[in-house]
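Just so you know, the protein sequences line up as chains A and B, in that order.
Mapping to our numbering: the first sequence position 138 is 138, numbers consecutive.
Mapping to our numbering: the second sequence position 583 is 1583, numbers consecutive.
What the hints contain is simulated information worked out from the structure, not anything from laboratory work.
Everything numeric in this text was worked out from a predicted model, so none of it was measured.
A few of these clues could be false.
[What the hints assert, rightly or not] Under the rule of at most 27 Å between Cα atoms (straight-line distance), these lysine-lysine pairs were calculated in the DSSO-like manner:
#  : chain 1 : residue 1 : chain 2 : residue 2
1  : B       : 1547      : A       : 380
2  : A       : 397       : B       : 1835
3  : A       : 273       : B       : 1835
4  : B       : 1852      : B       : 1682
5  : A       : 113       : A       : 258
6  : B       : 1600      : B       : 1547
7  : A       : 100       : B       : 1658
8  : A       : 369       : B       : 1852
9  : B       : 1658      : A       : 113
10 : B       : 1671      : A       : 227
11 : A       : 198       : A       : 347
12 : B       : 1748      : B       : 1762
13 : A       : 103       : A       : 198
14 : A       : 118       : B       : 1658
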Amino acid sequence: MTTALGESDKEKTRSVSVDLNNDTALIIDIPDALCERDKVKFTVHTKTTLSSFQKPDFSVPRQHEDFIWLHDTLVETEEYAGLIIPPAPPKPDFESPREKMHKLGEGEATMTKEEYTKMKQELEAEYLAVFKKTVQVHEVFLQRLSSHPILSKDRNFHIFLEYDQDLTVRRKNAKEMFGGFFKNMVKTADEVIISGIKEVDDFFEQEKTFLLDYYSKIKDSTIKAEKMTRSHKNVADDYIHISATLSSISADDSTAIKKHFEKLADLFEKLRKVEGRVASDQELKLTELLRYYMRDIQAAKDLLYRRARALADYENSNKALDKARLKSRDIPQAEEQQQLCLQKFDKLSESGKRELTSFKGRRVVAFRKNLIEMAELEIKHAKNNVALLQGCIDLVKTH
Amino acid sequence: MATSSERTSPPPFPDSEDQDLAECEGVGDRVSDEDGDGEDLFLSASGPTMSDMDPALPTTMTNAPIEVLFEPPLDLMSSPIPETETKPAAAAPVKPLVEAVVETVAEPVAELVEEPLDEFDDLVDLSTDVPSVQATAAESPLVEAEAETPSEEACEDFVDLSESDSDSSQEETLLEAPADSAAASSDPQDVSTALPPGDVATGSAADEQPGALLEVDIGQASGNGEKQPLSDDLFFDPLANLADAGPPPTAAVKQPAPPQQQQQQHQLQQLQQQQQPPLDLFEDDPNDLFGESRHAKSAKQQQQQPPQPSSLFGEVDEDIFGEPLGAPAAKKAGNMASREQRETTVGTKTSGLGGGGGGAGFGDVGGPLNNNYEKEPADIFSEEAVTIAPTAAKAAAAASSSRTNGVHGASEEGDIFAEATVELSLDSPRADRKKNTTAAKPSTSATSLSSAATDLSKTHSASLEELEEEEQEDNFDVNISVTNPEKIGDGMNAYMAYKVSTQTTLAMFRTKTFTVRRRFSDFLGLYEKLTEKHAPNGFIVPPPPEKSIMGMTKVKVGKEDSSSGEFVERRRAALERYLQRVVCHPSLLQDPDVREFLEKEELPRAVSTQALSGAGFLKMLNKATDAVSKMTIKMNESDVWFEEKLQEVEAADQQFRKLHGMVESLVVHRKELSLNTACFSKSVAMLGSSEDNTALSRALSQLAEVEDKMEQLHQEQASCDSFSFAELIADYIRLLGSVRGSFDHRMKAWQRWQDAQTMLQKKRESEAKLLWANKPDKLQQAKDDIAEWEAKVTQYEGDFDRVSSTVRKEVVRFEKEKVKNFKRQIIKYLEAQLKAQQQLIKYWDAFLPEAKAIA
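The following block holds chain B by itself, in its conformation from the complex (with noise of 0.2 Å):
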C-alpha cells in the first residue's frame, strides 16, 4: 500500500502536468526517453495488482481497500487545488486492488456471469464492426463528463495541458483533431464524415493494432454501455454543450484546445490508428448496440443483479487477448485498454459482481508488457494518464450513477468514489431524475398493493405514524417507519440503534419489505452524504434531528426517567420524518446512499458527524468561512422571485422560531398544570376522607378522580402539543435552513459565474494591451485564455441557471409539502384537542350527580 499513499500524494500540479504532457506530445510518433515516471506509474497501478490478485492473499486483499479508503480523501483534503490531478493517481493504485477483490467475489458467480454471456455474443461478433461507433459513443459521454463538470480545478487542469500542448511540435494535429471531433460528436450518425480527417492526422500512428484498438474501444464502449442506460438524456446534452462550446475553437483554429478537445483528440488519436476499418463498417448497425447496451438496462434494471456490464468486459477480454496478443502494439494498446478498463470496472464493480474475468486478462497482458516492452507502455502509460483522467472521471460518473441500480456489494469502494467524483457526479441526479420517471410509472400501478401494506404496517406503529402513512398512500410506494429504539453498549460510548423498517413497492429496491438496524450517527451521515451531493445543485436535502448531547447523555446515564423517554420517543418520530421526507424527493429517493441506508445490512460508521472529531472541526471551519463569504458577497438580484422569497422564509424562519418557544413554554405550562391537578386531586382525596358528611365526602372523592383523570388530559394535551405542533415547527425550522441553504448555493453559482467573468474581462484586456504592445508571441496565449474563459463564463451561467431552476422548483415543492404537511397536522393536533374536550365533557358530566347527591 505504500505505493498508494506515494501516488495520492502527487508532486505540485503544474510540474507533474507538464511531465506527463510532454510523454503524452511523444506519444504519436517517438519515443519518450524518460520513461520513469510513466513507468512507475505503470508499476504501481500494476503491481499490486499481481500479487492481489492471487487468491492466496485474502487478507491483503480485503485491507487493502480500507486503507486506501481512508487515505485519498485526507489528501484531497490537505491539497485541495491538485484535486483532480490526484484523483486519477489516487484511483489508479486503488482500482486493482479493488478488482482483485472483486474478482474473488466473481468467481463464485462465475456461473452467473456465464449465462448473460450469450447475449453478448453478438456484441463481440460486431466488435470488428462497430469499434468507431462505440468510440463515437464514448466520445460523447466523455466529453460530456467534461462539459457538465462544473470543477473548477478540472478545468484548470486541461488547461494547463493546453497550454503546454500550444508549445508542442504537434500543434497541428492537436488542432485539427479537436475540430474535427467536435463535428465528429455532434452527429454521431455521421461519424464516417468526420473520420477521414482524423486518419490524415495520425498518419504517423502506429499502423496494425486494430484488434488492440478495438478492445480499447469497446472497453469504453462497455464502459459506455453502462452509462447509457442512465443517459438516454446525457447523450444528447454533449451534443448541446459541443455546440455551444464548438463555435470558439472552430473559429479560432489556430488556438489551443480546450479542455474537451483535448480529450476528443486522445479518442480521436485512438480512432484513427484503427485507419479505415471504421469507415467501412460503420454501416454496420450502431442501432444495434445502443439496443444491446439498452437491452443491457432494462435487464439490470429488473434483475437488479447486473453482472451484464462486467461480463461484457470478461467477454471482451478473453477474445481480444486471445486474437492479438502475438502483436506487440496490440499489448500496448491492450495495456491501454486495461488501464481503461480498470476505470471502468470500478464502475461496474460498484454493481456488484464482475469484472473479475476483466481483472484476470490484464494481470496476464501486465506481464509480458512489462517485460518486452518497457519504453512504449510506459509512453503510451503517461499518455493514458491523461486519457485516464477523464475517463477516469467518467468511470467514476458512471460508478455513481450506476450505484443508483440499487447496488449493495462494495460499499468501500462507493464511499471513495462518492468522496472523489462529488463533482464529477453533478449530471447524475438528472440521470436519476430520468430514472425516476421509469419508476414511477410501476409505482402508480402499485398504489393499491402499497396501501395495503401501509394497512399492514399500522399494526406496529404509534399514533404519529398514522399521519405519516396517510402521507405515503398520497402518491407514494415508499412506506418507512423506525421502531423499536434501543439503548446499545453502556456508559458514554453508548448509543441508540433503531429499527428502519421499509415497505416498497418500487422495482429498484430488491425486496417489499425489509428492516435495518441504524444508529442515530448513520441519519446524520446519510444526511452529510446527500448535501454533498444534492445542496449544491440547489435542492433541499431534509435534515435530520440534531445531535442533542444534553438528550443524549441523559440517555447514556441510564436513567430510565420520563424526560429521557420522551426524548428518544421525539427522536425517534422526528428520524422517521426525515426518512420520509428523503424518499418523498423524487430525487433523493434515487439516490444510492438512500437505498444502501434502507437496504444494507451493514452501513460503514459515519465518522464524520461526530461534533467533536476532526470532520466536526473541518465542517465548523468551512461553515465560519462560508457565513464570511456569504457576508461579503453582494448579489444584485436580477430576479425578483427570488428575493422575495428569501425574505419571506428569512421572515417565516423568524416567526417559527417564536411560534416554537411559544408552543415550547405552552407544553411546559400544560405540564406544570397537569401536576399541580394530580396534587390537587391527592389533596382533595385527603379532604374527603376526612369530610364527615358521607354525601359530600364522596363527592370530595369523586371531585378526587375528575381531577386526576384531568391530570392524564392535560398530560396527553402536553404531550400532544409537544409532538404534533412544537416537534412540526421544529421539523420546519430545520427545512427552512436548508431552503436557506439551497439560496446560498444558487448565490454561490452566481459568484462563480460573476468572478469567471471579471477574469475573462481581465484576459481581454491583457490582450488588448498586448495588441497594442504588438508582442505577437504572447499574444496566442492571450488568446488562448480569452476562449478559455469564455468558454468558462458560458457554463457557469448554465451552472447559474440551472441551480436557479432547480431551488425555484424545489421551493415551490418545499411550498406544496408544507402546505399539505400543515394542513395535515393541524387538523391531527386540533382533533387530539377536540378529543381531549369531549371527554372532559364525559368526566364532569359523570362527576354532576354525585355533587347534586350531596345533601
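Just chain A, with the same shape it has in the complex (with noise of 0.2 Å):
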C-alpha cells in the first residue's frame, strides 16, 4: 500500500503535544511521507539561518530507523547525560487498520455495495489518521531536539539533517538487539540497587517519586483512553450500518413510513461523521498527549537514573578514596577520580534541575492547550449533533 502525503495536510499538525519555542534559526517539518509496505519514508524539511549549514533550505529522505539512531546516539552521548533526551517516536503501525481492512473484505458479502463503499473509506480515514499520526510524532521529534539549546547544536542532529544520501543505518542484529535487551535488563536491576542510595537532594528525591507515580498513572489513563477512543469510534462505526440499512428498508417500504426511514437513514449518516471526528478528536487531543507524556516522563526517569547512577558512582568513588586512604595507596588516582565523579554529578544535577522544571512547565502548557481544544471540540460536535437531530426531528414531526 501505497501513500502519499500531501503538503496541505501538514499545516496545522506542528507542535500538537508540544509547546516548542519558534526559533525561526532552525525550522524542520516532514512535508511529505510515502507508505511503502512496512517502510515509511519521511521527507525531512529544514530551513535555517544557522551558517553550520552549508544551505538555508534543504530536504533529505529518512526512515524510520534512522530516528532511531539518532535518538540513541543522543542518549549514548556523554555529554547529554543531564539533559532529557526527547523520546524516540514510536515505531509506525498500520497492522490494527489493515487487519480491520482485512476482516472488511472477509465480510463484504453480508453487507449491502453501499455499506461496503462506506466502511472501506472508514478504513482508509483511519488508516490515514494513522499515518499521519505517525508522521506527525516523528516530525515532533525533530522539532523537539532543533528547539533545545543544546542538542540543536549536535553534530550528529546536523548530520541526519543535512546528509542528503540515505543513512543507510545500519540495522541492529540479532546480538545487538539482545544486547539492548539485556542493557535494559541491567539497567532495571541497577536502578532497583541505587534506589536504595540515599538522596542527597530533596528536588530530585520529590521528582523522583512524582514521576515514578505519575507514570504509572498516565500509563494506565493513557490505556484507558485508547479503549474509549477506539469505542467511540465502535459506535461510530455501527451507525453506518444502521444507517445503510435503514436505507434499504426505506427503499423496499411502500407505506408513509418510507420517508421518515429515509431521513432516519440520513441522519445516522452524518451523525456518523460527527461521532467520527468525536472519536478521532479525542484520539489526537487526549490519548496522543497522553500517550505522549507517558514516554516524555520516561525520558525524565532515564534522566534520573543517570543522574541516580552518577551519584552512585560519586559514592563509590568516596568509598574507593577512603580506602586508598586506609591503605595509603593510590590516592591521587582516586581522588582525581572522586573529584570526577563528582564533578559529573554536579553538572548532571545542575542540568537534570533545569531540565525537569522546563519540561514540568512544558507539561502543564500542553495539557492546558490540548484540553481546551478537546472541550471545544466536543462543544462544536455535539452542537452539530444537536442542529441535525433536531432537524430531523421536526423533519418527521411535519411529515
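Starting from two chains that each stand alone, build the complex the way the hints lay out.
In C-alpha cells form, the structure reads like this:
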C-alpha cells in the first residue's frame, strides 16, 4: 500500500503535544511521507539561518530507523546525560487498520454495496489518520531537538538533517538486539540497586517519587483513553450499518414511513461522521497527549536514573578514596576519580534540575492547550449533533 | 364422571351416525325397538344431573366441571375426525353438571332473577301465540350456524346423515321439509305460507303436544333471543346463505337434503307438530318478541349482569311444566326441551348466572320420564342427539358470543367452549364487530374522560409508557399499564407476576379502573387463545414477547444484577406494548378472553404455553406440518396485491432482522464505551491526584467528573437504543411474523377451496361414468355428492374471499399502525438523543473555563 501525504495536510499538525519555542533559526518539518509496505519514508525538510549548514533550505529522505539511530546516539552521548532526551518516535503501526481492512473484505458479502463502500472509506480515513499521526510524532521529535539549546547543536543531528544520501543506518543485528535487551535488564536491576542510595537533594527526591507515580498513572490513563476512543469509533461504525440498513428498508417500504426511514438513514449517516470526528479528536487531543507525555516522562525518568547512577558512582569513588587512604595506596588516582565523579554528578544535577523544571512547565502548557481544544471540539461536535437531530425531528414531525 | 369420559370417546364415526339416524328416522310414526343407545345417552346425561343437582354434594359439583375440563379436549385431540360428534356427546354430560353448579350460584341470586322475570311476563303470555315465529327465528340462526361453519368435520357429519337418509323410507317427508323450510326461513315474516306444507308432511306426527312443543320452541327462541342481540346481522345472513344454498336442493328435489335442510327438517317437524295454532297466532306480533329480545340485549349490555336470558328459561319452565306435565307426550317433548335447554343454558351460564331454575325444572321432568316413557324418550332423545349437534353448536356459538358481553362467572366452562367451539364460533367476530360499533359510540363521547384518566396514570408510569398513552389518547379508551414485576416463588419454579392495570371508559367493562395480577404464561395463554380463534380468519394477532429461558433462568437464580433487571424491565415494557396492541385492535378488544384477562381475578393456569409440555410438543408438531404443507401448497396467486404485499413483508422481515442485529451491536458498543469511559474517568481522577500543578490537577479532576457524566450519558443512550429502538424493531419482527401467519391462513383457505373443487370435479366425473354405465341406483348418490360438494365449494370460496378481505383490511390497518408507531418512536428516540447531546454540551461548557484556568 502506498500512501502519499500532501503538503496541505501538514499545516496544522505542528506541535500538537508540545509547546515549542518557535526559533526561526532552525525550522524543521516533514512535508511529505511515503509508505511502502512496512517502510515509511519521511521527507525531512529544514529551513535554517544557521551558518553551520551549507544551505539555508534543504530536504532529505529519512526512514524510521534513522530516527531511532539519532535518538540512540543522543542517549549514548555522555555530554547529554543531564538532559531529557526527547523520546524516540514509536514505530509506525499500520497493523490495526490493515487487519480491519482484511476483516472488512471477508465480511463484504453480508453488506450492501453502499455499506461496504462507506466502511472502506472509513477504514481508509482511519489508515490515513494513523499515517498522519506517525508523521507527526517523527516531526515532533525533530522539532523538540531543534528547539533545544544544546541538542540542536548536536553534530549527529546536523548530519541527520543535512546528509542528502540515504543514511543507511545499519539495522541492529540479533546480537545487538539482545544486547539492548540485556542492557535494559541491567538498567532495571541497577535502578533497584541504586534506589537504596540515600538522595542528597530534596528536589530530586520529590521529582523521583512524583515521576514514578505519575508515570504509572499516565500509563494507565493512556490505555484507558485508547480503549475509550476505540469504542467510540465502534459506535460511529455501527451508525454506518444502521444507516445503510435503514436506507434499504426505506427502499423496500411502500408506506408513509418510507420517508421517515430515509431521513433516519440520512441522519445516522451524518451522525456517523460527527461521532467519527469526536472519536478521532479525542484520540488526537487526549490520547496522543497522554501517550506523548508517558514517553516524555519515561525520558525524564531516564535522566533521573543517569543522575542516580552518577551519584552512585560518586559514592563508590568516595568509598574507594577512603579505602585508598586507609591503605595509603593510589590516593591521588582515587582522589582524581572522586573529583571526576563529583563533577559529573554536580553537572548532571544542575542541568537535570533545569530540564525537569522546564519539562514541568512544558507539560502544563501542553495539557492546557489540548484540554481546551478538546473541550471546544466536543462542544462543536455536540452542537452539530443537536442541529442534526433537531432538524430530523422537525422533518419527521411535520410529515 | 365415568359416564362423561365414556361418552367423550364415541364409537367410530360412521357407525354411530348410522345408529343415531336409524333411530331418528323412526321418530315420526313408529317406536324404535332398540332403545339401548338412546336411553344410555339419556341416562348418562340426566343421571349425573340428578345426583349433582343435590345441593348437599357440593364437592362433586365443583369437581365435576374441572374433570370435564380436561377430558374432552384430550379426546378431541386424539381423534380429530369424529370431533363434531364428540362435541355434542361430550358436551351433553358436561352440561347437567355445569348446570348443577350454576344452580347453586343461582340460588343466592334468586332475588335478582325475580325482578327481571316481570319483564318477561309478556313474553310468557305470548308464548302460546308466538311459537311459530320463534321457531323460525330459532331456525335461521341454526341454519346460519351450519352455513357459517367452515369445519369440514361438521359437514362430513351431515353428509353421512343425508346419505343414510336417502335410504330411509321417509325420504319423501324429508325432502319436502327442507325445501319448505328453506322457503320458510328465506322470509321469516312469511312463515305462515311455508307452514302448511310442513303440516302435510307430518301428518303422522304426534297430535297433541302444543304446550310441550311450545316449550321446545320457546327454549329455542329464548336461546335464540339471547343470541340475537349479538347478531342482528347474522339474522339476515342466513337468508343470503340459504338463498345461495337453496337452489341446488330445490332443483334436485329428490336428492337428500344437505346438512342445513336436514337440520331444518327437525325444526319443521317440531313446528308441524304444533299444527294450526302457529298459523293463526303468527299474526299476533313477531316484532314484539324481537323487540323483547332486543330489549333483553340492551338491558344486558347496560347492566353487564345478564340474568334475563336465564330467567327467561326459568319462567318458561315453570309455566310450561305446570301445564302439560299430565300429558305423556308433553313429557317427551319436555325432555327434548330439557335437552335443548341444557344446551342453551350452557350459553347463558357463561353469562354468569341463572339457568339453575331451568335445571331444576328439568330434573323434575326427567324423573317421571324415566319411569314411564322409557322407549319414547329414548327415541326422541336419539333424534334429539342429532338435532342437538347443531343446536349445541349454536348454543356454543351463542355461548362464546354471549361471553363477549363481559362475563366472569364461569371460566372453566368457558374454556371448554373455547376449545370445543373454535370453528363454530367463527361467526362471532362478526358479531363482535357489530357490537363494536355500538360500543364505539359511547367511547368517542368519553374520550375526554379517558385522557384525564391517562393523565392520572402517568404518575406511576415509566418514560416508555408515556408514549404508549399518547397513542391511547388518539382514539382508544382503554389504557393498560403493566407494572410491578415481581418474582413469585423460589428456584426453578419461580415466575414473574405483573400488575396489569386497566383504565377505561368503555361500557363493556364493569368498572372504570381495575387491576389484576398476571404471570408471564398468562400473557402467552391469551395469545394462544386469540390466535386459535382469530388467526384462521385472517386477523393479525399481536404476538407477545417470546419466552426466554436464558433471561428467566437468570432471574430465577436470583442474581439481582443489572442484566436481569434490564431483562425484566424490557419484558415488562414488551408485555405492555403487547396488551396495548391487543386492545387497540377493534375486533380483539371484543374478545371475551381479552376481557377476562383484563378483568378477572383468577385465571386458569395456561398450561399449553410451557415449552416442554405435551401441548408444546404438539404445537411444535403442528408447526412442522404447517411448514411442510406450506412448502407443498403452490398457490397461483390471482391477486397481485397479495403477492406484492407478501414479498414486501418478507423483505421487510429480513431487513428488520438485520437492523435489529445492528442496533443490538450498537447497544453493545455503547455499553462498552460507557464502561471504558468510566475506567478512563477513574484513571484521570487518579492522574489528577498525582499531578503536582494545582490548576492542572484541578482541571484533571474536573475532566474526570465530565467523563463520569459522559459515562452516564452513554449508559442512558445505550438503554435508549435498546428500549426505544431495538425493542421497537423486535416488536415489528414479531408482528411481521403474525402478518405472514395471516397470509398463510389465507393460503390454507384457498387450498381448502381448491381441494373442494377437485373433489367436485371427481364426483362429476364419477357421475358421468355412472350415467354411461347406466347404474341408476348409484346415480342418486352421485348426484347427492355433487350437490354437497357444490355447496362446499361455494362455502369455501366464500371463506376464502372473506379471509382475503380480512387479511387485506388487517394489513392496511397494520401498516397504518406501523407508520404511526414508528413515527412516534423515532421522534422519541431522536429526542432522547438530542437531550443527551444537549447535556453533553452543558458538561463540556462547564469544563472549558477549568481548562483555561490551567496556568
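We went through each hint and held it up to the structure:
Our distance criterion of 27 Å between C-alpha atoms is broken by residue 1547/B and residue 380/A, whose separation comes to about 45 Å. Restraint check: the Cα-Cα separation between residue 397/A and residue 1835/B comes to about 17 Å, which is no more than 27 Å; the hinted pair holds. This hinted pair checks out: residue 273/A and residue 1835/B have alpha carbons roughly 19 Å apart, not beyond 27 Å. Restraint check for residue 1852/B and residue 1682/B: the C-alpha separation of about 22 Å stays at or below 27 Å, so the hint holds.
Taking the CA atoms of residue 113/A and residue 258/A, the gap is near 20 Å; set against the 27 Å cutoff, the hint holds. Using a Cα cut-off of 27 Å, the hinted pair residue 1600/B and residue 1547/B holds, with the two alpha carbons roughly 24 Å apart. Note on residue 100/A and residue 1658/B: the hinted pairing holds, with a Cα-Cα distance of about 21 Å set against a maximum of 27 Å. The hinted pair formed by residue 369/A and residue 1852/B meets the criterion: a straight-line CA distance of about 8 Å does not exceed 27 Å.
Among the hinted pairs, residue 1658/B with residue 113/A is consistent with the structure: their alpha-carbon atoms are about 15 Å apart, no more than 27 Å. Using a Cα cut-off of 27 Å, the hinted pair residue 1671/B and residue 227/A holds, with the two alpha carbons roughly 13 Å apart. A hinted pair counts as satisfied when its Cα atoms are at most 27 Å apart, and residue 198/A with residue 347/A qualifies at roughly 19 Å. In summary, the hint linking residue 1748/B to residue 1762/B is supported, as the alpha carbons are separated by about 21 Å, within the 27 Å threshold.
As the CA atoms of residue 103/A and residue 198/A are separated by approximately 55 Å, the hinted pair breaks the 27 Å bound. For the given pair, residue 118/A sits about 17 Å from residue 1658/B by alpha-carbon distance, which is consistent with the 27 Å threshold.
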